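Here is what each chain is made of, one letter per residue.
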Amino acid sequence: MAWKNRDVVSIDDFSKEDLEALFKKTDEYEHSYPSGILKGKIIGNIFLEYSTRTRVSFEVAAKRLGAEVINLVAEYSSIKKGESLYDTLKMMDIYSDLLVIRSPIEGTARFASDVCKHPVINAGDGYLNHPTQAMIDLYTIRKLKGRLDDLRIGVCGDLRYGRAAVSFMFGVAKYSNKIYAISPAQLSMREDVKNKLTEIGAYFVETNSLEEVLPELDVLYVTRIQKERFPDIAEYEKVKGSYKVDLKTLQNSKRDLIVMHPLPRVDELSYEIDNTPMQAYFKQAELGVYIRMALLSLILVGE
Amino acid sequence: MAWKNRDVVSIDDFSKEDLEALFKKTDEYEHSYPSGILKGKIIGNIFLEYSTRTRVSFEVAAKRLGAEVINLVAEYSSIKKGESLYDTLKMMDIYSDLLVIRSPIEGTARFASDVCKHPVINAGDGYLNHPTQAMIDLYTIRKLKGRLDDLRIGVCGDLRYGRAAVSFMFGVAKYSNKIYAISPAQLSMREDVKNKLTEIGAYFVETNSLEEVLPELDVLYVTRIQKERFPDIAEYEKVKGSYKVDLKTLQNSKRDLIVMHPLPRVDELSYEIDNTPMQAYFKQAELGVYIRMALLSLILVGE
Amino acid sequence: MAWKNRDVVSIDDFSKEDLEALFKKTDEYEHSYPSGILKGKIIGNIFLEYSTRTRVSFEVAAKRLGAEVINLVAEYSSIKKGESLYDTLKMMDIYSDLLVIRSPIEGTARFASDVCKHPVINAGDGYLNHPTQAMIDLYTIRKLKGRLDDLRIGVCGDLRYGRAAVSFMFGVAKYSNKIYAISPAQLSMREDVKNKLTEIGAYFVETNSLEEVLPELDVLYVTRIQKERFPDIAEYEKVKGSYKVDLKTLQNSKRDLIVMHPLPRVDELSYEIDNTPMQAYFKQAELGVYIRMALLSLILVGE
Chain A
1 MAWKNRDVVS IDDFSKEDLE ALFKKTDEYE HSYPSGILKG KIIGNIFLEY STRTRVSFEV
61 AAKRLGAEVI NLVAEYSSIK KGESLYDTLK MMDIYSDLLV IRSPIEGTAR FASDVCKHPV
121 INAGDGYLNH PTQAMIDLYT IRKLKGRLDD LRIGVCGDLR YGRAAVSFMF GVAKYSNKIY
181 AISPAQLSMR EDVKNKLTEI GAYFVETNSL EEVLPELDVL YVTRIQKERF PDIAEYEKVK
241 GSYKVDLKTL QNSKRDLIVM HPLPRVDELS YEIDNTPMQA YFKQAELGVY IRMALLSLIL
301 VGE
Chain B
1 MAWKNRDVVS IDDFSKEDLE ALFKKTDEYE HSYPSGILKG KIIGNIFLEY STRTRVSFEV
61 AAKRLGAEVI NLVAEYSSIK KGESLYDTLK MMDIYSDLLV IRSPIEGTAR FASDVCKHPV
121 INAGDGYLNH PTQAMIDLYT IRKLKGRLDD LRIGVCGDLR YGRAAVSFMF GVAKYSNKIY
181 AISPAQLSMR EDVKNKLTEI GAYFVETNSL EEVLPELDVL YVTRIQKERF PDIAEYEKVK
241 GSYKVDLKTL QNSKRDLIVM HPLPRVDELS YEIDNTPMQA YFKQAELGVY IRMALLSLIL
301 VGE
Chain C
1 MAWKNRDVVS IDDFSKEDLE ALFKKTDEYE HSYPSGILKG KIIGNIFLEY STRTRVSFEV
61 AAKRLGAEVI NLVAEYSSIK KGESLYDTLK MMDIYSDLLV IRSPIEGTAR FASDVCKHPV
121 INAGDGYLNH PTQAMIDLYT IRKLKGRLDD LRIGVCGDLR YGRAAVSFMF GVAKYSNKIY
181 AISPAQLSMR EDVKNKLTEI GAYFVETNSL EEVLPELDVL YVTRIQKERF PDIAEYEKVK
241 GSYKVDLKTL QNSKRDLIVM HPLPRVDELS YEIDNTPMQA YFKQAELGVY IRMALLSLIL
301 VGE
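Protein chains in written order, with the numbering used here: chain A, 1 to 303; chain B, 1 to 303; chain C, 1 to 303.
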């Protein structure tokens, strides 16, 4: 399936071949990119939730390729006057050539892709989907490990509310890997997520002990416990600080373990790791711009 | 009177000839536009009130023609440190080649046009003036009806606080049309508005029954009851939901009635109409960008 | 010391030769500037505090030279999710070619310059440093007075919390001038500021009477009492309105006195002065864009 005009709603919608085409384009753009290829195009950013990295990196990606960006944040828009999301989308669809949308509500991007004539990229919605983050994560592994198969991958943290972690697992499950889902009981994967992983043939085990599985791991993906997603703050208080990855935690790791994190971090990932060869999270942030440049280019121009 | 360097404060300031020149330029830009004509120009957007469509469409218009845009919203500016509007305007006037201003306060744009050396476009202020919206509305009628005269035009909703509705009436009153001003008593036109319409020779009648006049209408312009403009929320509660336009309401309309709305809507205009040939409001939003491109170009370049 | 890749943290870091090179470049840009010289460059604006003039003028400066701008304001970013400034800086450093940062906290820009690989420009932090404002102020004097030496310069207002005033004094202290530090006792200079001025050989006197020293002055630099910096609002209430510069205040001034102000003003500087030949504050705002263009160009391109 070609990339031209395609919506990016969930990592599930993309085959290994699709992803390989994206990674090849990203490789190319890392070396050099056509700075005027999106000239005259307008990217509409709709952010209904806080974001730094995702919004800024889409904006940088667009501008590096010559596109213009229109930012819409909920607080300054007619959403405040009671305008429906439907009307906001119709309007932004009229003004833009491609829409990037982030929302706290599950299914927003799918809804947007139904409403809009122009392609829609999901910049994270609800607890399941953050497909461009998953693409970045896979590309980072491919780059640092030289392969996407035959890896033992720990995903540690909030697997219940964390869409980056969930999308990452669906991403690596496309390849032959073993996934260790590491979390306190209250933050373990939802049943629907587990069922779906099983359905697509993922090989995964659940545990609440990072210590136990650590020596096996090639990749450790850490995520933040996201205070803002807990329906009850008392539940958050119970689990906050329930894990912290630092040099001591990692002392029995493989020599070439890489530590990933979609960022932002709060205190689950120690600054001690920043200047070690294990650190891969700033690399993710850096490669994120190239993945998003490649996405915009493939979707808008088809190459 | 030429367009070059002209302020756009009120639809009243423009003759039919001025408008015809604008519409001709808009026709041209709908087909193709000179994407670099405003290169090097900086448009200063000053938004002291929420907006989506107006701000975004000015921004898109500017960027399509190669201009750069600076956005100033009250919440993030020195207005928070107690800076006067006068000083804010002086400063934005120094940094911009043209200013676009929106404000809740009547007369802000006129004041801005007095203070600033560069041209000022009123993007809506107070309860009277929203001239670029009126230009869009006239252009939409011209396009969909093929003429601006000899029409029976119903304007339904908040005619007391709604500047889009009021400016629209002053716009159509320039041509030979019959206006039906339809509203609950509490939201009827102010005396000064009626006096002025009479003064310029407008032919209008007031009614609170849409049902009664509907069969006559060629155009029905619906507006939102704007909660944020009521001095007393109790007054708003009395009138909210006092009219709602849906397919049932419109069953006795002319076959070629068009339904307009400046948007955003809340619940006064049913989604049922969206996919009928009567719907003209998304067309307004679409044509809005071209009107604003033409305006920027005529004012900054003179052609 | 060359300008290429240099951080701009404090006016103290710059010699008279450095400043002269900057002023020469600014002279040049006032007449004409190379509009594409920063094409492909991305300026990251990080504003952790309200600003209009500084943010907008950096944005205009960047855009006039062909650079793109990314704006990050605290309220819409992952700082709200608990992200550290360190991580925010690392991320913006990845996405930008140069960072501009404003913060209420003393030392933020120095910290940023340590963390970031790309050059950092301090757009004001804490109570001491606002180096680009000082550069603008010096350039304005050089332009209006034809020299930077042999002047009697009054600095009136909040010398305790006002970083613009403090940086201005450190700027003029580089040249042979006499400084009159005029303020109510509660807003007088801090000991560390006085010690440092003495250390670099500045010739200054303190007074609380503007009236007394006014007849001597060639330049009067007025600043706002900054409500937002007082730890205790009761202290603010005591001093607010303790001075006001108007035509009456200035009646015994030299004929060619110029009145400067970094703006915004509240009520310490009367509007009466705006249309007199003494007014230099709008000139400061105007020249500010050229100084910032010259800075971006010297730092990013080296010329």
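A portion of the hints provided could be inaccurate.
You can't tell identical chains apart in this list, so a pair holds if it fits in one copy or across any two.
[What the hints assert, rightly or not] Using 30 angstroms as the maximum straight-line C-alpha spacing, the simulated BS3-like pairs for lysine-lysine come out as follows: (1) Lys283 <-> Lys90; (2) Lys227 <-> Lys145; (3) Lys194 <-> Lys143; (4) Lys174 <-> Lys194; (5) Lys283 <-> Lys41; (6) Lys25 <-> Lys248; (7) Lys41 <-> Lys25; (8) Lys227 <-> Lys24; (9) Lys143 <-> Lys178; (10) Lys143 <-> Lys240; (11) Lys254 <-> Lys240; (12) Lys39 <-> Lys238; (13) Lys283 <-> Lys4; (14) Lys90 <-> Lys143; (15) Lys145 <-> Lys25; (16) Lys248 <-> Lys4; (17) Lys143 <-> Lys117; (18) Lys244 <-> Lys117; (19) Lys39 <-> Lys25; (20) Lys283 <-> Lys117; (21) Lys117 <-> Lys24; (22) Lys174 <-> Lys244; (23) Lys117 <-> Lys248.
Treat the hints as calculated values from the structure; they're not laboratory data. Model, not experiment: these values are computed from the prediction.
Results of checking the hints against the structure:
no., hint, result
1, Lys283 <-> Lys90, "between (36 angstroms within a copy, 11 angstroms between copies)"
2, Lys227 <-> Lys145, "neither (32 angstroms within a copy, 55 angstroms between copies)"
3, Lys194 <-> Lys143, "within (28 angstroms within a copy, 55 angstroms between copies)"
4, Lys174 <-> Lys194, "within (15 angstroms within a copy, 66 angstroms between copies)"
5, Lys283 <-> Lys41, "both (28 angstroms within a copy, 21 angstroms between copies)"
6, Lys25 <-> Lys248, "neither (39 angstroms within a copy, 53 angstroms between copies)"
7, Lys41 <-> Lys25, "both (19 angstroms within a copy, 22 angstroms between copies)"
8, Lys227 <-> Lys24, "neither (37 angstroms within a copy, 53 angstroms between copies)"
9, Lys143 <-> Lys178, "within (19 angstroms within a copy, 62 angstroms between copies)"
10, Lys143 <-> Lys240, "neither (32 angstroms within a copy, 59 angstroms between copies)"
11, Lys254 <-> Lys240, "within (27 angstroms within a copy, 64 angstroms between copies)"
12, Lys39 <-> Lys238, "neither (50 angstroms within a copy, 51 angstroms between copies)"
13, Lys283 <-> Lys4, "both (28 angstroms within a copy, 26 angstroms between copies)"
14, Lys90 <-> Lys143, "between (39 angstroms within a copy, 21 angstroms between copies)"
15, Lys145 <-> Lys25, "within (19 angstroms within a copy, 48 angstroms between copies)"
16, Lys248 <-> Lys4, "neither (47 angstroms within a copy, 42 angstroms between copies)"
17, Lys143 <-> Lys117, "between (35 angstroms within a copy, 23 angstroms between copies)"
18, Lys244 <-> Lys117, "between (45 angstroms within a copy, 28 angstroms between copies)"
19, Lys39 <-> Lys25, "both (19 angstroms within a copy, 23 angstroms between copies)"
20, Lys283 <-> Lys117, "between (34 angstroms within a copy, 15 angstroms between copies)"
21, Lys117 <-> Lys24, "both (28 angstroms within a copy, 28 angstroms between copies)"
22, Lys174 <-> Lys244, "within (28 angstroms within a copy, 51 angstroms between copies)"
23, Lys117 <-> Lys248, "between (52 angstroms within a copy, 29 angstroms between copies)"
In the structure shown, a violation is registered for the earlier hints numbered 2, 6, 8, 10, 12, 16, in ascending order.
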